[in-house]
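Asks: Here is what each chain is made of, one letter per residue.
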Amino acid sequence: MPDTIAREDLGRLVHPDRVHRRLYTDPAIFALEMTRIFGHCWLFLAHESQIPSPGDFVRTRMGREDVIVTRGRDGRIHGLVNRCAHRGAQLCAAERGHVQAFTCPYHAWTFALDGALASVPHRQSLPPGFDLKDPRLALATLPRIESYRGFVFGSLAAEGESLAEFLGPMTEAIGNFVDRAPLGEIEQAGGIARQEFRGNWKLHHENANDTLHPGFVHESSVAAARADKRDYATPAFDEHQTHTQMLSNGFGVREWQSLALTGFAGGHSYMGGFYKGGVLAPDRDDPVWRDYRAALAARHGEEKTARILAEDRFNNLLYPNVSLNAQYQQIRIVQPLAVDRTRVIAFCFRLKGAPEALFHRAVRFLTNLSSPASMILSDDIEIFERVQSGLANGVPEWLDQSRGLATDRVDNSGRRESTGISELPHRAQYGAWLRYMTGGA
Amino acid sequence: MNAAFEGDVKSAAEAFLLEEARLLDAGRFEEWLALFAEDGFYWVPAAPGQTDPLNHLSIFYEDKSVLAMRIRRLSHPRAYSALPAPRTAHLVGSISVSGSAEPGIDCECRSTVMVAEYRPSAAGGERRLWAGQQTHKLRRTGQGLRIVLKRVDLIDCDAAHGILAVPL
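Those sequence lines, one after another, are chains A and B. With this note's numbering applied, the first sequence has no gaps in its numbers, which climb one by one up to 441 at the end. With this note's numbering applied, the second sequence has no gaps in its numbers, which climb one by one up to 609 at the end.
Just chain A, same shape as in the assembly (with noise of 0.2 Å):
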């Protein structure tokens, strides 16, 4: 039924001006993303720190497919389509926990680490032939997983380009993100976000590094924070981060057009930093930060520790849905459930050797911005859903994303900038939605 749809119809639906409604309100489009995207990207799977001991999982989504990921016996990182291989039962109920090996609670088939089967019930009543070595008795399995700094990816595909090559330049946001740990390491902490909304899964990726919606869309919590005219002196439980987060939305124009924007070919996209203003602010100094700086300084010196912090930048888009946000140590990961629903996961990541009073920013970012109570990303749900509710209608078929178009410079590997206020992460996402929708085989 997908394929249904021809490879140059799918290409009508993109200009470099604008895309069609189709690509947020078509079952059958949707489909064929989780095929043809969510089935050959690397996608984010995990960090490492989240299964450091054999017998350890978590799971995660793969487009349609729920997969546990396991630290296997020798410490391999296995991805297990999570359905057993018998009656297709889900084998597995927890998000994360420990087990020796996943039993099924239908029949009790039972499966190794590496989604081997192990043992069965009742041998004398299968048929002789009944081997457990049979590959089409063991889970299903991820084809290639591999780790980049500790961040865990996996591929539905067999073949296709490695990892390094699907993440380009943007290891370098990885990079940075764990060289701001001064031992060296991250790990996930402080519980997982979890949201839901009623809209395309685009939509959140094309809103992240949106540089003009949020001096429209965050404006109630802009004036809320304006009229709190506090002292940053004066202690606060947060350090006054609720009030920064709140404020920094409202940049004007022209601080929103000094922001860089980069993109690439892959689809991959990130955005300057704009929180400028108490302990969030790059140049901060405030206790907290100068033991975190020495600390970071004793591992790597003080030159390699003043490039490390200079890297501001806000969201880090790993096409198709991640969000990175290596200065204040988020990771959000976008799951389509359906062409017009999406879920929502973030977490945050504890600085191994920083001071723990950087995590619990940390913490308190991830409230603040992934919470359902945010009061920020909340207005961006709800236009989300407007969006959705709005493509509903027939006409006008088209959505509009020129802002930028003739001032984005583009070089010959397909790498875009802006130093303006452009919607040029959105066709670099939709240059790479063509590529994987329309291209290969």
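One thing to keep in mind: the hints can contain errors.
To give an idea of the interface, some chain B residues facing chain A are shown, with a C-beta separation under 8 Å as derived from the structure [what the hints assert, rightly or not]: (1) T492; (2) L495; (3) Y502; (4) K505; (5) D594; (6) G603.
No lab work stands behind these hints: they were computed from the structure. In this text, a Cβ means the ideal position worked out from N, Cα and C, and glycines have one as well.
Following the hints, position chain B against chain A.
Replies: Same frame as chain A, but now just chain B:
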């Protein structure tokens, strides 16, 4: 506490909880905020049995100054996630009141709360049921009881939720 005093505190605390819920349902957020002590906190944990608001994320963890910003935002004409305003109906029951040895806290109330919420929205409106256990740590002041901590432990605090624009 002697029996009579205990009875006074208990009935005052019960009445306080019901009045607090009524203010939320009426959208009288400024008056609701005024029920908090200056050092009061509002906390909705994001994990069952969460003990720590600093090392683990929360759905809400706000002191009175942050709550004041939240409430100011709700009255803004372009607070999109709360437009039109969600409507709620609180049911507070199974209230128990006990004294407290914590400094600055006179009594601790535990109760069960169910909040039916209707969120008119672009997607056609949404009816939800929030439910859980509440803990109110209260202080007696010259102006009456004040909230030092309101904690709501939702039964589904760690599930994926849509927008939650108003305090529960």
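Asks: Decide, hint by hint, whether the structure agrees.
Replies: Results for each hint:
no.	hint	verdict
1	T492	violated (12 Å)
2	L495	holds (5 Å)
3	Y502	holds (6 Å)
4	K505	violated (10 Å)
5	D594	violated (14 Å)
6	G603	holds (6 Å)
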